[in-house]
Amino acid sequence: MLVQVPRSPSRQHQRSYIARTAKLWNSLTAATSDTQTMSTRQMKVAAHRWRKTQTPTLVL
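Position one of the sequence shown corresponds to residue 1 (full-length UniProt numbering), numbered consecutively onward.
No lab work stands behind these hints, which were simulated from the structure alone. Note that the structure is predicted; figures quoted are calculated from it, not measured. It is possible that some hints are incorrect.
[Said to hold, decoys possible] Ranges between beta-carbon positions, derived for each pair: (1) Ser39 with Ser8: 32 to 42 Å; (2) Val45 with Lys23: 35 to 45 Å; (3) Pro9 with Met43: 28 to 38 Å; (4) Gln42 with Ser8: 32 to 42 Å; (5) Pro6 with Gln36: 15 to 25 Å; (6) Ser10 with Asp34: 28 to 38 Å; (7) Arg15 with Arg51: 12 to 22 Å; (8) Met43 with Ala19: 20 to 30 Å.
We put the beta carbon where it would ideally sit given N, CA and C, even for glycine.
Construct the complete structure from the given sequences, taking the supplied hints into account.
Structure representation (structure tokens):
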């Protein structure tokens, strides 16, 4: 299940919480199979496993 990433010409808006969270969610659901049928617990476990594979990106 993908969410729409808000479009904006502003670099500041592209780094906002909503835009970054939408991108992270889309990456998570693309890397995780069958999120529609997962329980909350299964989704949490999958999210934790997925997060461990990601490199931290902090842009200031």
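How the hints compare with the structure:
For the pair Ser39 and Ser8, the beta carbons lie near 35 Å from each other, so the given range of 32 to 42 Å is met. Between Val45 and Lys23 the C-beta distance comes to about 22 Å, which lies outside the given range of 35 to 45 Å. The beta-carbon spacing between Pro9 and Met43, approximately 34 Å, falls within the hinted interval of 28 to 38 Å. Remark: the range hint 32 to 42 Å for Gln42 to Ser8 is upheld by a beta-carbon distance near 34 Å.
The hinted window of 15 to 25 Å between Pro6 and Gln36 holds, with their beta carbons roughly 23 Å apart. Between Ser10 and Asp34 the beta carbon distance is about 36 Å. The supplied range of 28 to 38 Å therefore holds. Range check, Arg15 to Arg51: about 19 Å between beta-carbon atoms, so the 12 to 22 Å window is met. For Met43 paired with Ala19, a C-beta distance near 22 Å keeps the hint of 20 to 30 Å intact.
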